[in-house]
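So the sequences go chain by chain: A and B.
As numbered in this note's numbering, the first sequence has no gaps in its residue numbers, which increase by one up to the final residue, 228.
As numbered in this note's numbering, the second sequence has no gaps in its residue numbers, which increase by one up to the final residue, 228.
One or more of the hints may lead you astray.
Claimed, not checked - Partial list, derived from the structure: chain B residues whose beta carbon lies under 10 Å from chain A: (1) V53; (2) T56; (3) V59; (4) I63; (5) F86; (6) D161.
It should be emphasised that the hints constitute simulated quantities derived from the structure, not laboratory data.
Computed from a prediction, not measured in an experiment: that's the story for all the values here.
We put the CB at the ideal spot given by N, CA and C, even for glycine.
There are 2 protein chains.
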Amino acid sequence: MLEILPLTGLPEVRPGDDLAALLGDAVERAGGLEDEDVMVVAQKAVSKAEGRVEQTDDVVAAILREARAVRRRRGGLVIAETKHGFVCASAGVDLSNAPGEGWIVLLPEDPDASAARIRAALGERFGREPAVIVSDSFGRAWRQGTTDIAIGVAGMRPLLDLRGEHDSRGYQLVSTMIAVADELAGAAELVMGKANGVPAAIVRGYAVPPGDGSASELVMPPERDLFP
Amino acid sequence: MLEILPLTGLPEVRPGDDLAALLGDAVERAGGLEDEDVMVVAQKAVSKAEGRVEQTDDVVAAILREARAVRRRRGGLVIAETKHGFVCASAGVDLSNAPGEGWIVLLPEDPDASAARIRAALGERFGREPAVIVSDSFGRAWRQGTTDIAIGVAGMRPLLDLRGEHDSRGYQLVSTMIAVADELAGAAELVMGKANGVPAAIVRGYAVPPGDGSASELVMPPERDLFP
C-alpha cells in the first residue's frame, strides 16, 4: 500500500527562503520521514525560493528568452522546448501563483540540482534521505488537461526499466520503461492541488528505482522524437 | 491523505470471466469499499474478460484495422489514433500479457461502458458505487517511458476544471484543467506494475469531480490538436 500525505502549513515561499528548512518543518509536523518516502515539491515553490521570479510587462519576450525552440504557436499559446529539453506551454513561464500582479515565475535553472539540495538538507536533518522530485503541471499532446510530471529528481532513477523482464505468461517485455517519476508527481498532485497552497507531498511506501538519476532521462532524445 | 491499495489474488482473467465478480472478491479480501474509493482496473484485464483477444500471425494488419488513422510510423513503431480517439502506440494492440504465443489483446470497444458495468456490479454488491477508471499504459510525445492514463471512466468527471477559481494570491486561473483521471490511473500503476499480476487498485480518499463523465473528455478535439 502507498500513502500520499500533503505537507501543509508552509508559508508563501519568497525569494531567498530556505525551502528545505520549511519543508523539513512540515515533515516534522507530519511525524517525520520514513524509509521509502518520496518527497514531491512543486516547481513553483522551488522557483520562488531560488529567486526565479521577475516583474515584466512583456511575458511573450520572457517566454521566447526561456525557450530553446518554439515547437508550435497558436494565438497566445506557445508550445516551446525549454533549455532543459522539456516541451511545454510557455516554456514553463507562469503567471499563476506568482508573487504579484505583473510577476512571472520561471522554471528552476537546474531542477535536478534543486532536488538534490533539498534531499541533502533533509538527509542531514532527519538522518535519512528521501528521494526528491520537483514537479510541474504540463499539458500533453492529444489529451486535455494537465498532469504533474517530474522536471527534477534526486536519489532515484526516474524510469523503471522492465526490458528483459517477463510478464506473467513468460513473454519478454522488450520495450517497457515506466516513467514512475512522472506517475509519482501526478499522484502527489492529487493532494497538492493548484489553488490550496500545498506545495509538497510525501508518497510513502514506494520503492523507487535505485540510483542517481536525472529528469533529463525522461526527455525523448531528438532522434526518437516523432513530433518535433 | 490518500491510500493506494493493490487488489491482489485475482486469477488470470479469461474471455467470458465475470471481471466485476473477481474484482468484488478482491475488494472483500481487502476489507470492502469505502466512500471516496476510486477503483482503477487495467485495460488488459477488461479486454480479456470481454473477449477482446485474438490469435493472429499479422499483428500489423490488426493494428491498422484497430486504427482510425496512423499518425507516425517508424520501423516497427506505429503511433495511431484509435477508434475512441486515443493516440498511442500500435492503436492499443498489445502482445504482452496476452493469453498465449501468437495472441494479441485489443482495447475494449467502449471502455466507458466497461467501467460503468464494473461500477454498477460493485454498487449492487457493496451498497456503494466507487468511481471506476479503466487504465492503460501510454507513451507520450517528447517524454520517455509510459504512464498509465484513463481510457474509460464511470461515476466521475475525468477533468478537474479550475477555470474561474483563484490561486492563493487571488489570480484567476483562466486555463487550468487537471486531468485527475490520468493522475489517478498513474498513481494506481505504482502498485499494479506490469509483471506482477495485480490488475487493479483502489485509490482511497480522493474526492473525484462529481458527475457522469467520459474518457472522451480527455481527448484533445481535432481543432485544438497542434500535433496531428
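Hints, one by one, checked against the model:
Look at V53 (chain B): its Cβ only gets to about 12 Å from chain A, farther than 10 Å, so that hint breaks. For T56 (chain B), the interface hint is violated, since its Cβ never comes within 10 Å of a Cβ in chain A; the closest pair sits about 15 Å apart. Residue-level restraint check for V59 (chain B) is violated (minimum Cβ-Cβ distance to chain A is 13 Å; threshold 10 Å). Taking 10 Å as the C-beta contact cut-off toward chain A, the hint placing I63 (chain B) at the interface is violated, the least distance being around 15 Å.
Proximity of F86 (chain B) to chain A holds as hinted, the smallest CB-CB distance being about 8 Å (cut-off 10 Å). For D161 (chain B), the shortest C-beta to C-beta distance to chain A is roughly 9 Å, which falls under 10 Å, so the interface hint holds.
Violated hints for the displayed structure, listed by number in ascending order: 1, 2, 3, 4.
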